[in-house]
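Student: Just so you know, the sequences run in chain order A and B. Counting in the numbering used here, the final residue of the first sequence is number 205, and the numbers go up one at a time with none missing. Counting in the numbering used here, the final residue of the second sequence is number 447, and the numbers go up one at a time with none missing.
Derived from the structure by calculation, the hints contain no laboratory data. Since this is a predicted model, take the numbers as computed values, not measurements. Treat the hints loosely; a few may be bogus.
As the list claims (entries may be wrong) - Pairwise CB distance ranges, derived in the manner of DEER restraints:
#1 A18(A) <-> K312(B): 57 to 67 Å
#2 E308(B) <-> H71(A): 30 to 40 Å
#3 L301(B) <-> K150(A): 34 to 44 Å
#4 A270(B) <-> V152(A): 24 to 34 Å
Using N, Cα and C, we set each Cβ at its ideal position, and we do this for glycine too.
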Amino acid sequence: MMKILLFLCLFASMTLSAQDNVMLDKIKKKNAAYNAIECAFTQEKTIAATNTKQHLAGTLYFERADKMAMHYTQPATDLLIINGTKFYMARGTRKNLFDTSKNAPMFSLSNTLLNCMMGNLTDLAKQNNADLATSKTTKYDVVTMTARKKAVRGYSKIMLWYDVKDSSLCMMQMDEFAGNSTLYTMVNKKTNGKIASDRFAVPKK
Amino acid sequence: MKYALVTGGSRGIGRAVCVKLATMGYCVVVNYVSNEAEAQKTLQLIAEAGSIGELLKFDVSDTAAATAAIESWQEAHQGEYIEVVVNNAGIRKDNLMLWMEPEDWYKVLGISLNGFYNVTRPLLKTMLLKKYGRIINMASLSGLKGLPGQCNYSAAKGGLIASTKALAQEVGRKGVTVNAIAPGFVKTDMVDGLDEAELKKTIPLNRFGEPEEIAALVGFLASKEAGYITGECISINGGLYS
Chain A
1 MMKILLFLCL FASMTLSAQD NVMLDKIKKK NAAYNAIECA FTQEKTIAAT NTKQHLAGTL
61 YFERADKMAM HYTQPATDLL IINGTKFYMA RGTRKNLFDT SKNAPMFSLS NTLLNCMMGN
121 LTDLAKQNNA DLATSKTTKY DVVTMTARKK AVRGYSKIML WYDVKDSSLC MMQMDEFAGN
181 STLYTMVNKK TNGKIASDRF AVPKK
Chain B
206 MKYALVTGGS RGIGRAVCVK LATMGYCVVV NYVSNEAEAQ KTLQLIAEAG SIGELLKFDV
266 SDTAAATAAI ESWQEAHQGE YIEVVVNNAG IRKDNLMLWM EPEDWYKVLG ISLNGFYNVT
326 RPLLKTMLLK KYGRIINMAS LSGLKGLPGQ CNYSAAKGGL IASTKALAQE VGRKGVTVNA
386 IAPGFVKTDM VDGLDEAELK KTIPLNRFGE PEEIAALVGF LASKEAGYIT GECISINGGL
446 YS
C-alpha cells in the first residue's frame, strides 16, 4: 500500500495538469513564430554571501534556434554570445570561449537560455530533471521550473514570465542552489526584424 | 564549476564514485573505453544525483590517447581544471604465473599502473598551480597482501600503492593530496565467477562490500575535510586483512 502511495505521489509530482499543458503549448506555439528578437534588458544579480546586488543592462539579440547575444552597456566590458556550439563570455578582463559540444555545464547553460527564449519548456525540464508548474497573472503566463533533486551547483528554480498576449519572454529569474539569484527583464521587444550577423560574431580572444 | 575525473567510470565502483562526487557538486568527467551504453547510464545517474557529467572516451593505458583526450578537455574548459582525479580503471586477467601469457601481464599493468601515470601526469601541473588537488587511486587488497593467481594484478596494485606514497611526498607542499584505497571483495562484475557464499565465510563482516561503501570513502578523501591525509592506503575489506 505504501509503495502504491509513494508511486502515486511521485507520479503526481511529475505529471502536468491539463491547464499546465495548455499554457505550455500556447507559449511554445506562439514563440515558434519568432525567428528573431531584439530587446533591451536589465539584469539584477543578488549575491547571497554578501547580500549585495549588481545591476547590469544592455541589448539582447536572439535568432532561432541557436544564436543569442547579450551586449552589455553597463558594464560595457561584459559580453555573452551563443552561436551554435560556441559560447563566449567576457566578464571584465576575463574572457572565455567554450565549445558546448565538449563542455556539459556550458551546454546546459546555453541550452537553458535558448529554450527559455523559444518557450521549449517541457523538453528543457525533462533534460534538467526538473518539474514544471504554471500560474497566471493579468499580464503574464508564469512558468516555474524546479529541480527535482537538491544539488550543490546549478539552478534550484527558474521562473519565467511570458507576456499573456504574445507569449514573448518578459522576465526570467534564475535561483542557484548556492542562494544567488539573477533576474533578467526584457523590454522594448522587436520581433522578426533583421539582426546584423556581427551581433553574434564571436570575438577573437 | 568544480570538476572530477573518474577513470573506468561506466560501471561498478567507478559508477558509484561518479554518483557520489555528483552529490558533492562536482561536474563528473566519466572516462570509459568501450561500453558507451553503460557510460550513458552513469551520466543519467549523475543527472539524477543533481549534477552534470561529461563522457571522455580514451584508453588509459595508451599514453598518447590519454594525453590527447585530456588536452582536448582542457581546451574546451578554459579557466577550469580537474581538481579531483580518481584512478579507478582496472581489469583482472587471473592465472597462475606458470600459465600467465605476456599479454595478460602487460594488459593488467598497462591499465592500472601505466593508466595512473598517463592520466595523472597531464592533470598534475594545473593542480600544483592552483595549489589544490585530490588524487585517489583505486588499489586492492591484492596489492597489499598478494593473492595467488593474481601476480599481474597484485604487481599493478602494489606498484600503484608505492607510487601513491612517492607522489604524495612530491606534491604535498602544493596542497595536493594523494591517497589509495584498497577494497576487498566488492559486489561488481569484477568478482563475477567467485564463490561468494564460500568467500564471505572468510570475511569478519560476513559479506561482500557494496560499491557505494567504497564511493563514500572516495568522497571523504576528495573532500576538504580530508586535507591532512596523504600518502595513505586505506583498506576497506570488511576486516578480511589488516
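Student: Which of the stated hints cannot be reconciled with the structure, identified by number in ascending sequence?
Tutor: 2, 3
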